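2 protein chains.
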Amino acid sequence: MTLHRSFSTSAALSNRCIAYVQNGDPTQVLRSVTFSRLPPPSPNTVNLRFLLSPINPADVNTIEGVYPSKPSLTSNLTSKGLGSSEEPVYVGGNEGLAQVVQVGDGVEKLKEGDWVVMDKPQLGTWSTSRNVSFKDVIRLPTSGLTEAHGATMTVNPTTAYNMLTGFANLKEGDWVIQNGANSAVGQLVIQIAKVKGINTINFVRSRDNMAPLVEHLKGLGATKVLTYDDLNDKSLRTKVKEWTGGKDIRLALNCVGGEPTTSMAKFLGQDAHLVSYGAMSKKPLSLPTSLHIFKNLTSHGFWQTNWTKTHSREEKEQLITTLAEMMQEGKIKAPEHTIVTIGAKESDEEATAKMQDVFANIAQGRYGKKVLLKLEDTST
Amino acid sequence: MTLHRSFSTSAALSNRCIAYVQNGDPTQVLRSVTFSRLPPPSPNTVNLRFLLSPINPADVNTIEGVYPSKPSLTSNLTSKGLGSSEEPVYVGGNEGLAQVVQVGDGVEKLKEGDWVVMDKPQLGTWSTSRNVSFKDVIRLPTSGLTEAHGATMTVNPTTAYNMLTGFANLKEGDWVIQNGANSAVGQLVIQIAKVKGINTINFVRSRDNMAPLVEHLKGLGATKVLTYDDLNDKSLRTKVKEWTGGKDIRLALNCVGGEPTTSMAKFLGQDAHLVSYGAMSKKPLSLPTSLHIFKNLTSHGFWQTNWTKTHSREEKEQLITTLAEMMQEGKIKAPEHTIVTIGAKESDEEATAKMQDVFANIAQGRYGKKVLLKLEDTST
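The listed protein sequences correspond, in order, to chains U and D. The UniProt record's numbering numbers the first residue of the first sequence as 1 and each following residue consecutively. The UniProt record's numbering numbers the first residue of the second sequence as 1 and each following residue consecutively.
Incorrect hints may appear among the rest.
If chains are identical, the list can't say which one is meant, so a pair holds when it fits in one copy or spans any two.
In silico DSSO-like cross-links for lysine-lysine, where the CA-CA straight-line distance does not exceed 30 Å [said to hold, decoys possible]:
hint : residue 1 : residue 2
1    : Lys-374   : Lys-283
2    : Lys-309   : Lys-247
3    : Lys-283   : Lys-331
4    : Lys-345   : Lys-80
5    : Lys-239   : Lys-135
6    : Lys-196   : Lys-241
7    : Lys-171   : Lys-309
It should be emphasised that the hints constitute simulated quantities derived from the structure, not laboratory data. The model shown is predicted, which means the values in this text are computed figures rather than measured ones.
Bound conformation, chain U alone:
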């Protein structure tokens, strides 16, 4: 993990972004676009320099055009060609960590050098620089975080925190059950639950050598780690009752769908909430109606993009502050990650080829950890 907080203002450098003109397979449609340095920020805006921006699974769907949250076309990067009014582009990237380079008139709460995260979806974070409204960013309240913490702040930790706190009114000593427990969100659920004294029962896919994964998740604070196969073992019901002391489990988090989720829901007690944030099995959520009627189970979805749209500025700042504090205190680890750097001296052709290659690797599951994109200013 590296900590880069400096940025260059040398006149010899230009900007770069990773963009696309039309939706499609990312390995085909992504293009590197070099554009001029930004003019000074207009009133109520700030010039940002992106430090590190993740490539999240939803970014792939956004580029494909199958994700419900869509970016706007950008047409003022260049005077002609890609990024101009005649060939507007979508700049990729929804999440990222940026540093404030310059603040425009009327911006009071941000200053040069501040770290910020995005408060608006699809701002186009796969870019060296952007000029955005001061309302579209939230300042990270304190220093002492890694770039990787900051870059991955607004999607996965917020999802985990909001699912844990927004549905069932859980108290210390309560229990949560989840599948896909080794997903990025799943690992954050484990860590945040641990901070709150909430116990977690974590289900993962069975694999040849379970021990390292179990050890990793327990290291994060998992109370119990099991496989989907264990759900079919009838003795599990007795074990779970022993672990919980018979206390009803009132929250289940699901990113899988299909049969393992149906089985997991049967471990829930009266008045519980099943919250789905993914469907990795690509199978629908199937629940016996009797769980709804007689146990008063409520089944929800959670989408951080929707939460952001429907909550106040104050609530969002409070959430980021809370999460940042947990990270500073070492209670939330940054996700395991690989940094892909597009160097200053790489041409747009080289950068385009590299990005398409990155997405080919993502599609084939070659990373197994989060990919964070670092765009250097281009040498011109």
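Position chain D against the provided structure of chain U, taking the given hints into account.
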């Protein structure tokens, strides 16, 4: 429909109830039990004379022992034999209309002759008489209702009203979509929605001659009546948009489950609620996870028994008052029904045989309308 409001106090008569000693097939386990007239009510209780009590589908499951709400054993009906402490019985019946015969000391809000409905599940309404706490009944606020209205007040109309008002905050001109629309609850949803100016799209099973059913439901106030087959017709989406003027449908009521419910859910707009109160197809509820995540669909169950447990006396009285007023104003029709009378002169053997026959007919779907039980005092 008949209106019987008198009751006999002749000393020559005794009581009767329909009971069972152990769970099982109603056509096998039900027994008629004759027992003495009740002693005067103890303090804070009332003696009730049941006028009419429905046989609801859930009563069958209760007798079978597969329903989550269970009656208590009764052991004080007789001094020996069935209904005595040595052979306690479960008295059947969850819903019913009763008249207050005598009030005990300390009962202020009820008087002789009042009509009441049950405020506690499984009180054993298939009985001529019971002595119950005044807290276990709710007075019907005014006269002018039929016995059939009163007898069927607490299960189906309450379910329909609470599902319409308790989940989505619907306003006049809004739309509700439901399946099983010709069920007892479905017909009440149509009528109550009509009172509130809410439009209904109603799905029913396709049948050879649809016209009479469509006419009946439209007569109750249905805005649109369609079949599950229509859900597969792609042009339906366009039609629904025309009907609603593009307004999001935010409430779906489901008593079917399976594929027709999955298809119906896809007609819901943003932030909608799917409320399930039955599973007539015996298939689970299967929903694409994306509806939960991206359209913020919430899937609930509704069980009136649970609502009753979790709401205040005042809320329950208000609900009954509201429904009774709609009935008095002719806006809620009593359900189509058949009255089965167990006559005063029928022996327990004859009454037992008749009840077992009634349940055999119910199991074979021979009535097609609600069966209301009228128990005459037995001649002794």
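Each hint, compared with the structure:
1. For a Cα distance limit of 30 Å, the shortest separation of Lys-374 from Lys-283 qualifies neither inside one copy, at 35 Å, nor across copies, at 50 Å.
2. In the homo-oligomer, the alpha carbons of Lys-309 and Lys-247 lie at most 30 Å apart only across protomers (21 Å), although the nearest pairing inside one protomer, at 35 Å, exceeds that limit.
3. Taking identical chains as interchangeable, the C-alpha atoms of Lys-283 and Lys-331 are never at most 30 Å apart, the minima being 34 Å within one chain and 44 Å between chains.
4. Proximity of Lys-345 and Lys-80 under a CA criterion of 30 Å is satisfied intra-copy only: 22 Å inside one chain copy versus 100 Å between copies.
5. In this homomeric assembly, Lys-239 and Lys-135 never come within 30 Å of each other (Cα to Cα): the closest approach is 50 Å inside a single copy and 41 Å across copies.
6. Taking the shortest Cα distances, Lys-196 and Lys-241 sit within 30 Å of each other inside one copy (21 Å), while across copies they are farther apart (46 Å).
7. With identical chains, the CA atoms of Lys-171 and Lys-309 are at most 30 Å apart both within one copy (27 Å) and between copies (24 Å).
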